[in-house]
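Chemist: Sequence:
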Amino acid sequence: MVLDETNGKEEPRPARTVVLRADTAATAERLGCATLRDEGVRWTGWRSMLRRQEMRHLPLGDAVTPAPFHIPQHALTRGLRDAAAGERLVRLVTDSRLDTLEQDRTGVTAHTRGPSGTWWRGSYLVGCDGARSTVRKLLGIRFPGRTAVERHAVAALRTELPWPGEALLHRRPPWLPGTEEVTARPLADGVWRLDWLLPPRGELVTPESLVARVRDTLAGWCGETPAYELLDTGVHTIHHRLARRWRVERTFLAGDAAHLLGALGTQGVDEGLRDIGNLSWKLAHAWHQDASPALLDSYQDERRTAVAARLRAADQSLPILRSGGGLRTYLPGAARGHDAMLTDGHLGHGPLGAPPVHTHSPLAPEPTATRAPVATQPGAPVDDVRVTAPDGTTGTLRGRLGRGLLVVLVAPGTGVWDRRHWVSAGVMPRLAAAVDRLPVRAELLVTEAYPGASAHTVLLVRPDGHLAAAFAGVRPDELHAAADTVRGGAPARTDRSARTADVD
1 MVLDETNGKE
11 EPRPARTVVL
21 RADTAATAER
31 LGCATLRDEG
41 VRWTGWRSML
51 RRQEMRHLPL
61 GDAVTPAPFH
71 IPQHALTRGL
81 RDAAAGERLV
91 RLVTDSRLDT
101 LEQDRTGVTA
111 HTRGPSGTWW
121 RGSYLVGCDG
131 ARSTVRKLLG
141 IRFPGRTAVE
151 RHAVAALRTE
161 LPWPGEALLH
171 RRPPWLPGTE
181 EVTARPLADG
191 VWRLDWLLPP
201 RGELVTPESL
211 VARVRDTLAG
221 WCGETPAYEL
231 LDTGVHTIHH
241 RLARRWRVER
251 TFLAGDAAHL
261 LGALGTQGVD
271 EGLRDIGNLS
281 WKLAHAWHQD
291 ASPALLDSYQ
301 DERRTAVAAR
311 LRAADQSLPI
321 LRSGGGLRTY
331 LPGAARGHDA
341 MLTDGHLGHG
351 PLGAPPVHTH
361 SPLAPEPTAT
371 RAPVATQPGA
381 PVDDVRVTAP
391 DGTTGTLRGR
401 LGRGLLVVLV
411 APGTGVWDRR
421 HWVSAGVMPR
431 LAAAVDRLPV
441 RAELLVTEAY
451 PGASAHTVLL
461 VRPDGHLAAA
471 FAGVRPDELH
481 AAADTVRGGA
491 PARTDRSART
501 ADVD
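Mapping of the sequence shown onto my numbering: position 17 corresponds to residue 17, and the numbering continues sequentially without gaps.
Incorrect hints may have been included.
[To be verified] Label-pair distances were calculated between CB atoms; the ranges are: (1) 177 <-> 222: 42 to 52 Å; (2) 350 <-> 391: 38 to 48 Å; (3) 349 <-> 441: 53 to 63 Å; (4) 215 <-> 386: 41 to 51 Å; (5) 175 <-> 207: 18 to 28 Å; (6) 148 <-> 305: 44 to 54 Å; (7) 287 <-> 225: 51 to 61 Å; (8) 99 <-> 391: 21 to 31 Å.
Worth flagging that the hints you see were computed from the coordinates, not collected in a lab.
The C-beta atom is built at its ideal place from N, Cα and C for all residues, glycine as well.
With the hints as constraints, model all of the structure from the sequences given.
Modeler: In structure tokens:
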């Protein structure tokens with residue numbers, strides 16, 4: 001049940017866009033968001049300049065530097081809404097503004113105002129209702145942080161630039177005195193989003209001054225102002241905030257209701273999709289198989305810790321990158337160091353941008369002597385390798401996420417052998433039997449190779465794509481213990497008759 005306070009229609013705003021990393025774009029595609037491929041674009045490269053000097057040029061799209069996905073926010077929202085509307089088990093209720101929330105031992109009761117206003121009943125409630133979250137206010141959760149960390153003038157326009165398909169970060173362009181930073185990021189159909197970093201307490205940005213910025217910027221890049229079509233403009237103010245708690249009994253916060261960020265290229269929608277990827281499989285497990293308190297508690301432990309680290313990295317970097325010059329900028333290597341930090345934020349690397357690693361999660365299995373080294377750190381997202389199921393179905397590892405645990409055997413040569421031979425040969429029968437005995441639902445997959453893994457390495461992957469453990473060979477007892485840890489331990493027994501559904 002989705003209670004939506006809007007009318008369900010998205011206002012097209014080309015200047016409001018979303019940059020998704022490879023893992024979150026895969027999450028949206030797995031949810032059925034068709035607009036990603038229809039109305040989004042992957043950057044082909046990244047350029048950064050300081051004044052008139054090119055500092056960096058990175059081709060994007062390989063395993064080392066995957067290309068971010070850029071799409072208008074209204075298109076992403078529409079795609080997710082259409083996907084939800086096509087699901088038999090999902091009901092969308094528009095024009096429903098929450099005003100009351102009550103919890104008890106077996107569920108949550110909520111009341112909404114509007115044409116469909118009534119009482120609703122469910123087992124859990126997730127507040128994804130934005131920065132001014134009603135759910136957060138009804139729960140009495142504080143939302144401390146910093147206001148107006150950055151301000152940007154924004155324009156979406158259709159034109160031709162000298163680097164088609166590539167994103168550009170230009171610091172201190174000489175033809176824009178007083179401008180610290182301009183970014184140009186491509187969208188589909190020849191559209192670009194341009195952002196100008198504004199002084200923290202600058203004057204009002206008028207339509208005339210913004211058009212002047214557009215013309216001067218395009219002339220500086222192209223030699224003269226090319227033909228362009230201005231589609232949308234605005235001023236984007238970035239705040240940094242983090243809710244004190246993300247769970248109160250059976251109610252959770254996610255997305256902008258739980259955190260606000262966005263400075264230095266960090267992406268709030270990116271983190272919101274990671275919230276949902278982390279929480280959804282845990283709620284599904286709690287609903288279908290019961291769950292220990294540790295499983296649902298781990299949502300706050302993992303995601304709040306990850307976002308707090310992202311905000312801390314941004315807060316530590318801002319004084320360095322936004323100092324406005326001074327002696328520090330003349331130190332050897334300072335310019336390239338600043339460029340590297342900004343590139344990390346925009347491309348999803350390092351403390352500012354890399355996907356989180358749940359090293360100290362309560363769901364992390366204890367290391368043992370029989371663990372196998374692989375290129376992926378335990379707790380980090382797995383690489384998206386090609387996999388084959390025992391029935392012969394092939395696909396990518398990310399394409400199998402969200403349905404339960406994944407047990408992946410690294411078996412070189414399986415791609416060229418007939419499936420009938422390898423499915424009953426070697427370690428496969430023992431591993432299949434071990435997977436059948438796991439305390440939670442799991443799917444067995446085979447891959448020819450995984451970065452850093454030797455033959456017969458067994459990977460245990462969480463439903464959200466994070467590596468739980470890697471074993472040297474088939475070790476049924478250790479695999480069982482690790483799977484039990486990933487589910488948060490044995491569930492507390494509940495009366496399944498207490499399961500709740502919505503009521504009008």
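Chemist: If you check each hint against the structure, which ones fail?
Modeler: 1, 3, 6 and 8
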